[in-house]
Amino acid sequence: MKKSSEKTEKLKLNAAKFLKIIPERLKKIKDASSEEIKALRSYKPNLLAAELHPQIQHTTVAEIKKLTDDVTLYTLKADGGRLAPFGAGSYISVFAEHNGVSFSRPYSIASSPGASADGVYEIAVKRKDDGFFSKLIHDSFAVGTKVDVSAPAGDFTYEPLRDAKRVICIAGGSGITPFRSMILSILDGTEDFELTLLYGAKRESEILFKDELTAAAEKDGCVKVVFVLSDEEKDGAEHGFIGAELIKKYAPEGVYSVFVCGPQAMYRYLEGELPKLGIAGKYIRKEVFGQISDPCGEPDYVKPEKEEFELTVRQGAGEKHIKCAYNETLLSAMERSGIAAPSRCRSGVCGFCHSKLVSGECYTPGRCDGRREADKLYGYIHPCSAFPLSDMIIDVPYKN
Amino acid sequence: MRYDYDVIVVGAGNGGLAAASKLTAAGLRVVLLEKHNLPGGVASSFVRGRFEFEASLHELCDVGTKEEPLSVRRLFTDLGSKEDFINEKNLFRTIVTGENGYDVTLAAGWDNFRQSLLKVCPESEKSLDRLGALLDKTTEALAYNDRKKGRPNKLVMLLKYGKFLISASHSLDDVLRSLGFSYRARMILETYWSYLGVPADELNAFHYFEMVRGYINGGAGIPLHKSYGLSLSLAETIIKNGGDIRYNTEVTRFIYDENKRVTGVCTKDDEYYAKEVISNVIPHNVFGMSGKGNVAEKDKKLLNARRFGLSFICIYLGLDKSADALGIKDYSVFIAQNASSRRQAETEMGMYVVNCINVAVPEATPEGTCSLFFTIPVFTNKTMKGVTADNYKKFKSDTAAAYIENYEKVLGVNIREHIEEISVATPVTFANYFGAPNGTAYGYELSGWDGVMARILSTGNELNIKGLTFCGGHGAKGDGYGVSYVTGIEAAEAVISRLTGKNDEEKQ
Numbered sequence: 001m002k003k004s005s006e007k008t009e010k011l012k013l014n015a016a017k018f019l020k021i022i023p024e025r026l027k028k029i030k031d032a033s034s035e036e037i038k039a040l041r042s043y044k045p046n047l048l049a050a051e052l053h054p055q056i057q058h059t060t061v062a063e064i065k066k067l068t069d070d071v072t073l074y075t076l077k078a079d080g081g082r083l084a085p086f087g088a089g090s091y092i093s094v095f096a097e098h099n100g101v102s103f104s105r106p107y108s109i110a111s112s113p114g115a116s117a118d119g120v121y122e123i124a125v126k127r128k129d130d131g132f133f134s135k136l137i138h139d140s141f142a143v144g145t146k147v148d149v150s151a152p153a154g155d156f157t158y159e160p161l162r163d164a165k166r167v168i169c170i171a172g173g174s175g176i177t178p179f180r181s182m183i184l185s186i187l188d189g190t191e192d193f194e195l196t197l198l199y200g201a202k203r204e205s206e207i208l209f210k211d212e213l214t215a216a217a218e219k220d221g222c223v224k225v226v227f228v229l230s231d232e233e234k235d236g237a238e239h240g241f242i243g244a245e246l247i248k249k250y251a252p253e254g255v256y257s258v259f260v261c262g263p264q265a266m267y268r269y270l271e272g273e274l275p276k277l278g279i280a281g282k283y284i285r286k287e288v289f290g291q292i293s294d295p296c297g298e299p300d301y302v303k304p305e306k307e308e309f310e311l312t313v314r315q316g317a318g319e320k321h322i323k324c325a326y327n328e329t330l331l332s333a334m335e336r337s338g339i340a341a342p343s344r345c346r347s348g349v350c351g352f353c354h355s356k357l358v359s360g361e362c363y364t365p366g367r368c369d370g371r372r373e374a375d376k377l378y379g380y381i382h383p384c385s386a387f388p389l390s391d392m393i394i395d396v397p398y399k400n
Numbered sequence: 001m002r003y004d005y006d007v008i009v010v011g012a013g014n015g016g017l018a019a020a021s022k023l024t025a026a027g028l029r030v031v032l033l034e035k036h037n038l039p040g041g042v043a044s045s046f047v048r049g050r051f052e053f054e055a056s057l058h059e060l061c062d063v064g065t066k067e068e069p070l071s072v073r074r075l076f077t078d079l080g081s082k083e084d085f086i087n088e089k090n091l092f093r094t095i096v097t098g099e100n101g102y103d104v105t106l107a108a109g110w111d112n113f114r115q116s117l118l119k120v121c122p123e124s125e126k127s128l129d130r131l132g133a134l135l136d137k138t139t140e141a142l143a144y145n146d147r148k149k150g151r152p153n154k155l156v157m158l159l160k161y162g163k164f165l166i167s168a169s170h171s172l173d174d175v176l177r178s179l180g181f182s183y184r185a186r187m188i189l190e191t192y193w194s195y196l197g198v199p200a201d202e203l204n205a206f207h208y209f210e211m212v213r214g215y216i217n218g219g220a221g222i223p224l225h226k227s228y229g230l231s232l233s234l235a236e237t238i239i240k241n242g243g244d245i246r247y248n249t250e251v252t253r254f255i256y257d258e259n260k261r262v263t264g265v266c267t268k269d270d271e272y273y274a275k276e277v278i279s280n281v282i283p284h285n286v287f288g289m290s291g292k293g294n295v296a297e298k299d300k301k302l303l304n305a306r307r308f309g310l311s312f313i314c315i316y317l318g319l320d321k322s323a324d325a326l327g328i329k330d331y332s333v334f335i336a337q338n339a340s341s342r343r344q345a346e347t348e349m350g351m352y353v354v355n356c357i358n359v360a361v362p363e364a365t366p367e368g369t370c371s372l373f374f375t376i377p378v379f380t381n382k383t384m385k386g387v388t389a390d391n392y393k394k395f396k397s398d399t400a401a402a403y404i405e406n407y408e409k410v411l412g413v414n415i416r417e418h419i420e421e422i423s424v425a426t427p428v429t430f431a432n433y434f435g436a437p438n439g440t441a442y443g444y445e446l447s448g449w450d451g452v453m454a455r456i457l458s459t460g461n462e463l464n465i466k467g468l469t470f471c472g473g474h475g476a477k478g479d480g481y482g483v484s485y486v487t488g489i490e491a492a493e494a495v496i497s498r499l500t501g502k503n504d505e506e507k508q
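So the sequences go chain by chain: R and Y. The numbers in our numbering rise by one with no breaks, and the one at position 150 of the first sequence is 150. The numbers in our numbering rise by one with no breaks, and the one at position 466 of the second sequence is 466.
Keep in mind that the hints are not guaranteed to be accurate.
Which residues of chain R face chain Y? A partial, calculated answer using Cβ under 8 angstroms [as the list claims (entries may be wrong)]: (1) 25; (2) 34; (3) 35; (4) 40; (5) 51; (6) 155; (7) 159; (8) 161; (9) 165; (10) 282; (11) 372; (12) 374.
None of these hints come from the bench; they were simulated from the model. Think of the CB as a built atom: it goes at the ideal place given N, C-alpha and C, for glycine as much as any other residue.
Just chain R, same shape as in the assembly (with noise of 0.2 angstroms):
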């Protein structure tokens, strides 16, 4: 290989040498092996892609604990080897067949990046009544029930060059998981930052792994736990919702960032109480946990005048013609239809579901709305947060 020259001299070149671009290339190529192409894997970035991000993981449900009334804990066991790793905080599709349809629900890795290595994920799936899919894992998944979920996603991490060192997280009932996760990775040392959980719940048998959070903290002087009930009084136990006050309370000095995740209502709250802060947007941080299940308490929603619509839904060469109510989502009338959708966060963040709407009108939550801009301009929709707002035909991708 030649060096770049450094001469400053004009060099004189030939035109001729024209006719020496064939010669050599074909000589290059009668040079090279005849051997059969070799297979993909046999790069390193694409054996790293198939380890990080497999299309789907096989595992066995390994261990359940009933960890309230209406929480349990599953243990995920791998079938043969490993799981995908992750950063803590991360969810997982969970899929589950129900009269010979697939349906897949979000929920987040409760158990440390470190056990992937073993082949392990924990989820806590909370019990709701009005919740098909949390009913359908109590009622159907035991020890041994194989159970598909996807690779690992989601931006609810931390991120050293974007978050403070010092983070204050917010949990509200369930959504301790991820923060279950982000403590134990700092317990095994994969994170470091220093985390301070507030964690609220109605009363103190509510909460989640309260043993186990306890004895982090006494553990770790990088973790600290403060439980925080709103229905009942009790020793070492803050009383009250959490709001501004309570934050700065526990706040350390100087920069920090908040983590949230819960329920709707905790949202709710908090868009009142985060700003008193003071502290940059760029340091808060919410994860979507949980569908918008109903669009009437949107400020710039304006309820149609029918309640339910045509949907028509082309899939391929298919097309099928379906009911949806004014107040749920396409993705959740296609599959209470038996149509397999793809999907995957279902908050309208990760575009999984992305979808052509070839004619009528649906409504977008606006802090729900994850499509890019010329999305909106080609007409694109997230079929997970998008609700009717007139008889509407959408062209879905199959489920992959």
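Go by the hints and put chain Y onto chain R.
For chain Y alone, kept in the frame of chain R given last:
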């Protein structure tokens, strides 16, 4: 299920989208199969918080203005796309930090470009005239070559286009030397080399000039709604023309008949058959899905002789202050320790590019914010040495930290404490989304023997598979954003001519 079409296009990257647009406009029944759930391949964008990040595009060359459109703008208009472009007034700012370093900004438009180079290299006047003449001659020679459909008369070429032949058969650095440029002027002019992925002492001069001419004359063009807007606009064209696009539909096998003609493709659940197949997928992967015995020995040898083109590490930052407030003034900055492209390629952190889209398109992010896009060429597998699935997250974070620190030092700005969103892509990301072997974003390396001139001269003699036409950045014209659209158009035109012109089909 079995589906029958006139043409199957595999892969909705730039080439596949352009091909399917063109084919459907000609009234053919077309299905475009894409394994991802979005069109565009790397021509995409993604959302984090309140930021939408351009995934890959810096700028397109040969765009021109609305009043005087050049080839790329015309191509989109012809295909029915209504996407608009912003013209950037500068080519780039290039900063070399090491010994005899410089900090130079070159302007777009021939006269401005000339002035901006003369300001720092006043001795370049005559060389610049010679370069101008050479660029013009290149245009003429290519026009002649096109008229002759890639089979020019060698004697005419030699007599009339000798200068072109020199640049077509020598390295960029040699040709710039032959034009009498000083070392410093050469290094400045070679700044764009990483866009083609081969250092200037090995890079085909004609290829580089073709690209640079498109930047200087046409001015860099930045699509108003990012490269993803271009992708969606072509998808829109295809749908409007009656074509079918199937997302989340990965081709798993190419179907060959007993004459080794490609007659269709398989997906997980379905079979698609057609008179012609166009593949935007790189030949390596197509051969991997072709079964033993269907691939010619010489084509296997060609692929085994080739090296993969560059991959990249990209850092995307959403900042909670405006570019103005942060003191960021340039759309494109090339930062290197050493001026020599060879040295840049051989050194870790040898060179990288940082783009601030807000300088060109202020409204690209919310008011009071801006975004930065770092592009770091990955020349060797050394960069990823020691990276495992378990330390991958840390690798990304550490790498980003090192480049951000360097950028802050070189530009004298503070961005670290304004990072509101950050995302890092690596060769693993490219491998994940596109299945590109070794995570290449540039197809095959345009090294000496496999440079663009050698490929163009070999067109028709290589990868000659009946029923299958390739398009994309791995093709004869080399990688490059605008070029990949052109390859799609050319593949479509070849197919249209075979399917509608009887004689041509007989020959097949």
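Okay, the hints, checked on the actual structure:
A distance limit of 8 angstroms between C-beta atoms decides the matter here; for residue 25(R) the minimum to chain Y is near 5 angstroms, and the interface restraint holds. The closest approach between the C-beta of residue 34(R) and any C-beta of chain Y is roughly 5 angstroms, which is under the 8 angstroms cut-off, so the hint is satisfied. Using the Cβ-Cβ criterion of 8 angstroms, the hint placing residue 35(R) at the interface with chain Y is satisfied: the shortest such distance is roughly 7 angstroms. Hint status for residue 40(R): holds, given a least beta-carbon distance of 6 angstroms to chain Y, under 8 angstroms.
Contact between residue 51(R) and chain Y, as hinted, is supported at the beta carbon level, the nearest pair being about 4 angstroms apart and thus within 8 angstroms. Look at residue 155(R): its Cβ gets to within about 6 angstroms of chain Y, closer than 8 angstroms, so that hint holds up. For residue 159(R), the shortest C-beta to C-beta distance to chain Y is roughly 6 angstroms, which falls under 8 angstroms, so the interface hint holds. Interface restraint check for residue 161(R): the shortest CB-CB distance to chain Y comes to about 6 angstroms, inside 8 angstroms, so the restraint holds.
A cut of 8 angstroms between beta carbons decides the hint on residue 165(R): the least distance to chain Y is about 12 angstroms, and the hint is violated. The restraint placing residue 282(R) at the interface with chain Y holds, with a minimum CB-CB distance near 4 angstroms, inside the 8 angstroms limit. For the restraint placing residue 372(R) at the interface with chain Y, the shortest Cβ-Cβ distance is roughly 5 angstroms, inside the 8 angstroms limit, so the hint holds. Taking 8 angstroms as the C-beta cut-off, the interface hint given for residue 374(R) holds, the closest approach to chain Y being about 4 angstroms.
In the structure shown, a violation is registered for the earlier hint numbered 9 alone.
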